[in-house]
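> These protein sequence lines map, in sequence, to chains Z, A and B.
Per our numbering, the first sequence starts with residue 1, numbered consecutively.
Per our numbering, the second sequence starts with residue 370, numbered consecutively.
Per our numbering, the third sequence starts with residue 930, numbered consecutively.
Derived from the structure by calculation, the hints contain no laboratory data.
As the structure is a prediction and not an experimental result, all values here were calculated from the model.
Don't take each hint at face value.
What the hints assert, rightly or not - No more than 30 Å apart at the CA atoms, straight line, and that leaves these computed lysine-lysine pairs for BS3-like:
| id | chain 1 | residue 1 | chain 2 | residue 2 |
| --- | --- | --- | --- | --- |
| 1 | Z | Lys269 | A | Lys824 |
| 2 | A | Lys824 | B | Lys1256 |
| 3 | Z | Lys264 | A | Lys824 |
To be verified - Between beta-carbon pairs, the in silico distance windows are:
| id | chain 1 | residue 1 | chain 2 | residue 2 | range |
| --- | --- | --- | --- | --- | --- |
| 4 | A | Ala556 | B | Val1276 | 40 to 46 Å |
| 5 | Z | Ala111 | A | Pro703 | 47 to 53 Å |
| 6 | A | Gly555 | B | Glu1255 | 37 to 43 Å |
What the hints assert, rightly or not - Here are some of the chain Z residues that sit facing chain A, going by a computed Cβ distance under 10 Å:
| id | residue |
| --- | --- |
| 7 | Gln60 |
| 8 | Gly62 |
| 9 | Glu70 |
| 10 | Ala96 |
| 11 | Lys194 |
| 12 | Gly219 |
| 13 | Gly221 |
| 14 | Trp223 |
| 15 | Asp235 |
| 16 | Asp249 |
| 17 | Phe272 |
| 18 | Ala329 |
| 19 | Pro330 |
| 20 | Gln355 |
Glycine is no exception: its CB is placed at the ideal position from the N, C-alpha and C atoms.
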Amino acid sequence: MAELRHGNLTRRRMLKAGTGAIALPFLGIAAPNLLAQGVSKSPTNVLDFTTNADVAKAEQEGQLVFYCHENEAGTAGIMEGFNKDFPKIKTSYVRAQTGALYNKILSERAAGRFDVDVIQLSDIAPAFDFRRKGGYEHYVSPESSAYKKDHLSEPNGYFFWTGVDPAGIAYNSEKVAVSDAPKGWKDILDPRWKGKISCKISASGLQFVQWYTLRKIYGDGYWKEFAKLQPRAFDSRVQLFDRLSKGDDMITAIGEYPAYILFKSKGAKVEFVAPPDGLVSTPLVVGAVSRAPHPEASKLFVDWAMSKRGQAWYQSNPNLYYGSVRTDAPAMPTGVKLSDFKLLYPSDWDEYASQSATFLKEWNSMLGL
Amino acid sequence: MGSWFSAQKVAGYGVAAIAAVLVLYPVYFLLQAAFDVGDPQIRPPTAYGLDNFSSLLQYPQIMLNTLMVSLAATVMALMFGSLMAWILTRTNVPGRRLFEQLMAVPYYLTPLLGALAWSLLGQPESGFINGIWRAFGGEGHLIDINTPYGIAWVMALFEGSVAFVMIAALMKSMDPSLEEASQVIGASRIRTIMQITLPLVTPGILGAAIFVFAEMLGSFAVALVLGLPTRYYVITTAIYQMIQQYPPKIQVAAAMGASLFAVMWAMLYAYRRVVMSGSYVTITGKAFRPRLLDVGRLRYVLLSICLLYLFVAVILPLGTLFFASLQKIAVVFPTAENFTLDNFRTAMAMNAVRSALSNSLLLAFGTATIGIVLMGLLAWLIYRSRLPGSGLIEYIVMFPQAVPRLVFAFGLMWAWVVFPIPIYATLWLLLIAYLTVFLPLGVRTIAGVILQIDKSLEECAQMCGASWAFRARTVTIPLLRPGLVAAWLLLFIASVRELGASILLMGPHSKVITPSIVESWFGTSSELTAALALIQTLVVALAIIVLVVVTRRVGALSVD
Amino acid sequence: MPASPQGSPPSLSTPRPHIEVEGLELYYGSVPAVRGVNFNVMPGEQLTLLGPSGCGKTTTLRAVAGLEQPTAGEIRIDGLPVFSSARKINVRAEKRGLSMVFQSYAIWPHMTVFDNVAYGLQVRKVGGPEIKDKVDRALEMVQMREFGGRRASQLSGGQQQRVALARAFVFQPSVLLFDEPLSNLDAKLRADMRIELRDLQHRLGITSLYVTHDLEEALAMSDRIVVMRDGLVEQTGTPDEIYSLPHSEFVADFIGSANLIRGHHRPDLDCDGLTALETATGQLIYGMAYGRKAGPEMTVSVRTVHLRISQERPAGERNVWPVKIEKTVFQGDFSQIHLYWGDQRLVARCAAMEPIAAGRDVYMAVEPRRVVLLSPGNR
């Protein structure tokens, strides 16, 4: 069923999941503090948004460490936006694809290192897991009111959807005639694409969503057919479109709309196809990390990102071009609004999350390791 | 017997202890991870076993790939190396000395840059060479750089210069009278070459072959750029992939690394046996002046071969990168509106340029300076002092030679992440890593310098009554100075071009050049990466030129 | 020469040895370099260790210097042990108060001549003006005064050698060790330097331990010689003793050319204190035992220069034989005559003379005192 849906994330479910947490030495937030935190101060105004963080203290802290799944230019872009508004806060980032990124922060925390202020992931499954492990700081932003419940963590205050990355199919218009071009998700399985089709690596959140949703629609055999095409996998959408525009690949099975926009503007001969079943989408989730070295700065960032200002930045920066889910968000630079697209999400986030191990095994063995 | 706490012994054993910790501590953790068959999240390991090694049997293709690529690269490197060595040391080709210096340039450019450039040149669809081929009416593509032979080609071009250096040294140390005796008897030039020169050179070439093969087994950068897109894995890139992917297969990666280590160790052992000198130092004994072969007209043919090599290994790659960096989307026949300076503008603003450059230069300075003190003391300890245990120390110091940098970094990552002092993900950790992996290089270079100094110069100072410290200050170090300066430069350059270790140990505040280029390659457009790489190369080249000029003054000494 | 017994009080008439080497052994792993060497060097004398390459002489010298560590034995300087394997003493080279001239001269290329020579004084923290004075005088003594400011790399071999010498004695050591210092010089220079070195040593009154493989050098310069072979001492004595009265075949042959004649003792023909030897072919020769025991089988040594060749039969009864010339080799200052004595070939060395044609019959004679009995069992 391809609809914009949010799973039945009841509090009961979350708590049930929480009891099965792995015994890692997280000296995270103790349960009683959970409710006490966050709503203690009254929001202040800074620039054109509100925040519960102590801005002066944040500037005193002077630094923000950001872990992000985005490619280099995108991550740098996000930091640029924040730094422009708060020049006293020096930003630094680590980027890695979601799977690798999550793995990194987990092993660091397991070794007793707590160096991260904010983390952005392109897959909601690790966000759930991190929440369970007490990795997120519980901080309710005053900007939360501009978001639907579906786009916030349950309960609010752990993470939020800073944007949506929808993906369809893209092809090189010089190599592929319009008549041969794929029209829907089933068309990419055509044997003519063998050795000439690209996708993303298993650490990618979006790739996991695509695997899960298309499997639900077309059955288990879909990806087995796909494997026969010997696809090439890459870390970032920029790489995918780089190769596509030069003709090194003919089509990409996971053409992200933001990248398509960017490359088209550079004059690349690429075309985008929005399959009738919908555009595979993953939420991009941002949350402040617990035991952050710069707690006020991290809270400030969350507010900034949630604000209209921050969302405008996320939407309009050419390296990002995210679709915003803020209720009062303007249209994207191309004039299109996120709601104009038919988006494909997992209907049951819990079931989705539980499939993670299966996906990883299948996808990695498809790619040879 | 003598005083126990002499300065000599303290310095000697102190530095030996440091070296032992640097080298063995990460290796221990590597092996621990390789034998860990328990839950990977739990440390220390709960169970030990051989399962990880047996799971390696699932990847026969990777082993095969590695062998194939390394073999092909070794053969090619030996061919280029021997040809160029012969041309530059035995014939009267004009500009010999200049070319000999230039042979080192591909090494300085780094195999990564070479791989980037050749990727732009040789991709079957978008590659420039193939574009030109098609423009001339060719079908399909002329070369495909993403194949094992393509990878081997680039490896040989950029990592093969060690073959040249070894074979050239070999040819220079040959006694010319051996060939002259053959010619006097009346043998033709060809006959002399086939029956005298070649057999004499063969053991040395064999030794070089083994050494180069071991190096190629551990090669990383080229396979990373050219092999990964087509899922053509070799052991090093497979290890990298297994660590980076989600979920990571740490234990299998460790087992793979340990296996590679064992193989390389065996190869280097074989190398030592073949060379039979028992030491990694090529002792320059009497340097003969080999009689040059007058090749007459052939001179110009040989000259063009040298120029061709230079073109293919230096000019073409640099030119390609420059050409690509100026375009929005790099093609071989761009239209006017495809040109832009945006890539350079963006690159200058990127963290990778700003902080990575300054980090790398700072780190290189530190590594070189601390390095020559540490390695100088070690070289003296191993080759000059007569303290017991120096043989063992030599083995330990040469250990990292047998371990690919990436594998070593793996152990380092594992080892230092639990260290109480928080150096993880800082430049300090990179410094430690560099000092460790450069031990063989630094010690070997300085040892060569030390061994050239006649022992009697130091003994005489002893007989004049000078204590060890006084001797070191007034005789040993002044004599070593030019060599130490050269070693400093070598360490500096090795440090800025390092990839294998840095790529795993880099943190948000400790970005360095070469891994940041890789990050850019996998995360941004190839044009931006080209611009980035060029900027960094230029800055490093400038830094090196400045240093060479400065050190020429410091190291100048009228010593016979 | 027996070592002075430990613990015996120094007597006023016999001076105490300056350097004493007792039971010295040095093995490199299992390879022996020195297998048990004993000798003394008296104050002011030059003792030379002489022998073919590989005999252990340089190793012994370096052991005395402290640059090699012996496996066993004892070395005493001025009565004080600097090395003792029994008492576990090993004084470092720089603390032994000795001085050394190296075969390669070991002139430091990065210093001037002046600085090279001044080094030992600087180590001993001598003041500036005093250094200048002493260095100048030392350079004067080796006739290198004008070269003070020159860089060491600009000197010839001979010049470097002199500088090395000046450097070695400038700080007035009591002992000088020499490791084949003249072997890198050409023949003429070597001959001159030999004499200069000897004069210098006498003037300074320094005790010297000298190593060489050159026979002429040893004979010309030494007060006493220790002949070594294969890590052991073959014979110790003055040059004359070694030359005239060799103990063994090796020494006889090494020190100047010698003819070795084997035969059995004819005690019935001994007379006038002479020993009679009969060769296998019946030749009879008279020689002197010089206190050595005469066994049934004996070997005697006759120097080539002591065989006299003449056309007419010389007067005298003993040690005169007719011989046949095999060939004459002209050697400039002398001629070497190869002849048949019975069925044995001998070599005689005579002052330059008209070459005698091969095949000629002449007479050969030798004084019995020149026919030296070698110690039995010494091969």
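> Does the structure break any of the earlier hints, and which numbers would those be?
1, 2, 3, 7, 8, 11, 12, 13, 14, 17, 18, 19, 20
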